[in-house]
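Student: Listed below are the residues making up each chain.
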Amino acid sequence: MKTKRIALVGNPNSGKTTLFNAITGANQHVGNWPGVTVEKKEGSFTYRGATYDVVDLPGIYSLGAFSEDEIVAMDYILTDDADVIIDVIDASNIERNLYLTTQLLEMGKNLVIALNMVDEAEKREMKFDVAAMSRALGVPVVPTVASRDNGTEAVIKEAVKAIERKRVYQNPLTYSDNVSHHHEHMVELLEGKDLPYPPAWAAIKVIEGDSHVISRIEASTDDATVLNGITEFHKFHSSDNFELEIVDSRYAFAHRIAEQTVKRPPVEVVTLTDKIDKILINKYLGIPIFALIMLAVFQLTFAIGQDLLGGYAAALVEGLGVLIERFLIWAHSPEWLVSFMIDGVVNGVGAVVEFVPLITVMYLLLSLLEDSGYMARAAYVWDNLMRAFGMQGKAFISMIIGFGCTVPAIMSTRTMDNKKDRMVTMLITPFMSCGAKLPIYSVFIAAFFSDHGGLVLFSLYAFGIIVGLLMAKLFNKTIFKGETSYFIMELPPYRIPSTKSVMRSMWLNVSDFIKRAGTIIFMVVTIMWLLAVLPGSAEPYSQSSYLGRLGTLLVPIFRHAGFGTWQESVALFAGIPAKEAVVGTLGMLYAGQYMEEGVVLVNAVQQHFTSLTALAYMVMVLLYTPCAATISAVARETKSVRWPVAMALYTFAIGWFVAVLVFQIGSLFGFA
Amino acid sequence: MLKELLAHINGDGYFSKPLLARTLNISEAMVDQGLAQLLRMGYMKEEVSGGDCTASCSGCAFAAFCHKDLVKMYQLTDRGKALLAS
Ligand SMILES: Nc1nc2c(ncn2[C@@H]2O[C@H](COP(=O)(O)OP(=O)(O)OP(=O)(O)O)[C@@H](O)[C@H]2O)c(=O)[nH]1
Ligand SMILES: [Mg+2]
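So the protein lines, in turn, are chains A and B. Residues 1 to 672 in our numbering are what the first sequence spells out, letter by letter. Residues 1001 to 1086 in our numbering are what the second sequence spells out, letter by letter.
Chain B with its partners taken away, still in its complex shape:
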């Protein structure tokens, strides 16, 4: 399931959990967990997008705008690419 999941995630440059769940015939909770496993095992990594305004920015007048979590982005690692190629 995990390799298949990774292949589908990588497919079109985008994915949505409900759609993955339906294509792979598993529950969304499983997609969540599978994704967490792939991240944990280092086949893909989650990217931070938008600002990284942590404590260091709290004094900044623009800090409020900085963090924008519009969309979650991921990247396949070399390990992930190798797995799909195998």
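In isolation and in its complexed conformation, chain A is listed as follows:
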């Protein structure tokens, strides 16, 4: 006589392999994560003198052919006729596990249920009426704790009994009227055609449109009425929702069984998360709360990054400068080398490096917000606001990325399949103030607004966003008309930020900042230094140097904005290869000028600017032409020359216009 076969089927991580090991005495790998068993494993055991084969299958959530594992398990269930299936259910997650059970019952499988992990379920205060469950499902149910070998004997006993009993096909599900109606016809069509499956089940799978099962049916017969019948049915009902209705009947069945036979502790109707969300994403409060949170971020950034730690970084750079200078003089280095190292590298690149603490604190705080789940709420709140400006939710993600760096922000628009949304987002992301601009603001804030650092910084960022939104509206009204796509957002649960991911995210930003200082900033400052000390006939760092002559050319453009010296103009020019170079160039030029004293950049800025011109300068920096990397990213993404050029020009125009406006209106009101 053929050895009887028992198959273990169930959801991933429900304890099938543990049960398999307990039954067979084998030592298969178990793991506390889904997907441990990816192929079927076989073993055997003897019970009352008879030997039985046992098959352990990969875990599946449903009987559909969706993933590799599911196909392995499903093929086994469809083809190899096990004499009995032990359906291993994770009791602590009963409702979801019952979906597969429902499908097995629907197939008419000879079933024994191992209600496993009842220990876990009891911890969650769940109580099971096993007898009622068994009655409602029409199959034996045995509670087990496979990991402690509890109930294993009873499962074996029931399985052996079930093998002898042989179940008759009987489907416990009721389908929607619509489905039932078609089911009758389909059964008529399939009846008596010698298919490998019970006609009633095959008919349901055909109506459901399960391609895996359908192709098996089609392969097993060449009866034209069956083949045509199936094709015709699908042609005719392509827009019907049969699959959804059938799936729903299964859920309804599983839900009913769980309701009738499982007692769970009552759940809180309104949780704390709901209450918090009610406020955070409120139509009117959402944006003000976001603004307050960001203001706090900027205040803290200054308080910790500048006031508390900034001094150390500055001292470090200064100390290093003194050391390098002494060394160079001691080594009798040529004068040009001393000048390059001290004015160019220490005062230029060093001026940028001094802001590492500030950058670190800012990105630390932003990463904390992100990781806590708040940023998802912010995205939702912003989505609502941005719709008013004709933009879609994904644009907010690009904007957030833009606060770090504009280049990836431009690239992130790739995920928008609406061309119009994509172009508009690309054109406005440069107004989101990137990390490279932070050192520039910081110098001017330290020079003129040190009492209100956070507030000024916040206002700049906010102003950038406002200009971006207004431009978006303008573009939508003029060049890019059309529908915007709308999205539904999933709010993740709040959580305590994990140190690891916060540190990782912060480090990405900070290390990039440092890397840039060492590479591109160093290069730009070197070029600027060369231009400032050449030609040899000219006084270094003076207006007669190449750099001085270039700056003098630019002066008339900026005169109306109040910053009309050649150093200030040429620094803006240096900001086009990389924004930090604005600070680097100012640092180098002022240091070169006041060589004797070795002035601190902030003091020099105080001598050359007033608070009004400083403000106009910061606004210019915020809005004017983005860096070269951004412009070339736009060129790459749009595969055109027109758009990057247009972007470079229109942002410059806006920056210039607003800076002039700030200076002129300010002067009018008597500010200086």
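Do not take every clue at face value.
Claimed, not checked - Here are some of the chain A residues that sit facing chain B, going by a computed Cβ distance under 10 Å: (1) F66; (2) E68; (3) D69; (4) I94; (5) V270; (6) D277; (7) N384; (8) K394; (9) F396.
What the hints assert, rightly or not - 20 Å max Cα-Cα, derived EDC-like pairs, lysine to aspartate or glutamate: (10) B:K1017 - A:E490; (11) A:K420 - A:E637; (12) A:K275 - B:E1028; (13) B:K1003 - A:E120; (14) A:K419 - A:E637; (15) A:K123 - A:E268; (16) B:K1081 - A:D240; (17) B:K1003 - A:E243; (18) B:K1072 - A:E490; (19) B:K1017 - A:D223; (20) B:K1045 - A:E243; (21) B:K1045 - A:E490.
I should point out that these hints are in silico values taken from the structure, not numbers from a laboratory. For each residue, glycine too, the CB sits at the ideal point set by N, CA and C.
Starting from the known structure of chain A, arrange chain B with the ligands on it as the hints suggest.
Tutor: Coordinates of chain B with the ligands only, in the frame set by chain A:
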């Protein structure tokens, strides 16, 4: 349950799984599965947000910033809209 789930998901332009589970009186695992079913059957689709920096970007200096999975976004397909309208 699925149609109801879809209607609730579509409701306010946002949803959260725990809240859905409570309003529909099902477990969160069920919401997960229902959502997966709706996606699989093509009533809604998940959108990629942020960067799509896969292998092609790995050489890029900015690749590290690119992928930002701040929030999962979905869209109802025409099929989903038709279902809700019916
Ligand atoms: N508390 C408790 N844990 C159990 C029980 N049964 C199994 N486990 C644990 O649950 C985890 C998963 O068990 P497996 O046997 O690997 O689950 P599986 O169903 O084979 O998983 P896949 O092969 O991935 O589908 C392991 O850590 C087991 O130790 C039980 O009754 N109670
Ligand atoms: Mg396993």
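Student: Now, for every hint given, state plainly whether the structure supports it.
Tutor: Verification of the supplied hints:
1. Here the hint on A:F66 is kept, as its CB sits about 7 Å from the closest CB of chain B, short of 10 Å.
2. Taking 10 Å as the C-beta contact cut-off toward chain B, the hint placing A:E68 at the interface is violated, the least distance being around 16 Å.
3. Checking A:D69 against chain B by beta carbon gives a least distance of about 15 Å; that is not within 10 Å, so the hint is violated.
4. At its closest, the beta carbon of A:I94 sits 8 Å from a beta carbon of chain B; the interface hint therefore holds under the 10 Å criterion.
5. The criterion of a C-beta within 10 Å of any C-beta in chain B is met by A:V270, whose closest approach is roughly 8 Å, and the hint holds.
6. Hint status for A:D277 relative to chain B: holds, with the closest Cβ pair at about 7 Å, below 10 Å.
7. Nearest Cβ of chain B to the Cβ of A:N384: about 7 Å, under the 10 Å cut. The hint holds.
8. A distance limit of 10 Å between C-beta atoms decides the matter here; for A:K394 the minimum to chain B is near 5 Å, and the interface restraint holds.
9. The restraint placing A:F396 at the interface with chain B holds, with a minimum CB-CB distance near 8 Å, inside the 10 Å limit.
10. Distance hint between B:K1017 and A:E490 is fulfilled; the C-alpha atoms sit about 8 Å from each other, no more than 20 Å.
11. Note on A:K420 and A:E637: the hinted pairing holds, with a Cα-Cα distance of about 14 Å set against a maximum of 20 Å.
12. Between A:K275 and B:E1028, the direct Cα distance comes to roughly 19 Å. Compliance with the 20 Å bound is thereby established for this hinted pair.
13. Between B:K1003 and A:E120 the CA atoms are separated by roughly 32 Å; this puts the pair beyond 20 Å, and the hint is violated.
14. The hinted pair formed by A:K419 and A:E637 meets the criterion: a straight-line CA distance of about 12 Å does not exceed 20 Å.
15. In summary, the hint linking A:K123 to A:E268 is supported, as the alpha carbons are separated by about 18 Å, within the 20 Å threshold.
16. Restraint check for B:K1081 and A:D240: satisfied, since their Cα atoms lie roughly 13 Å apart, inside the 20 Å limit.
17. The hinted pair formed by B:K1003 and A:E243 meets the criterion: a straight-line CA distance of about 12 Å does not exceed 20 Å.
18. A distance of roughly 5 Å separates the Cα atoms of B:K1072 and A:E490; the hinted pair therefore holds under the 20 Å criterion.
19. In summary, the hint linking B:K1017 to A:D223 is not supported, as the alpha carbons are separated by about 47 Å, beyond the 20 Å threshold.
20. Between B:K1045 and A:E243 the alpha-carbon distance is near 17 Å, which keeps this suggested pair within the 20 Å criterion.
21. Using a Cα cut-off of 20 Å, the hinted pair B:K1045 and A:E490 holds, with the two alpha carbons roughly 13 Å apart.
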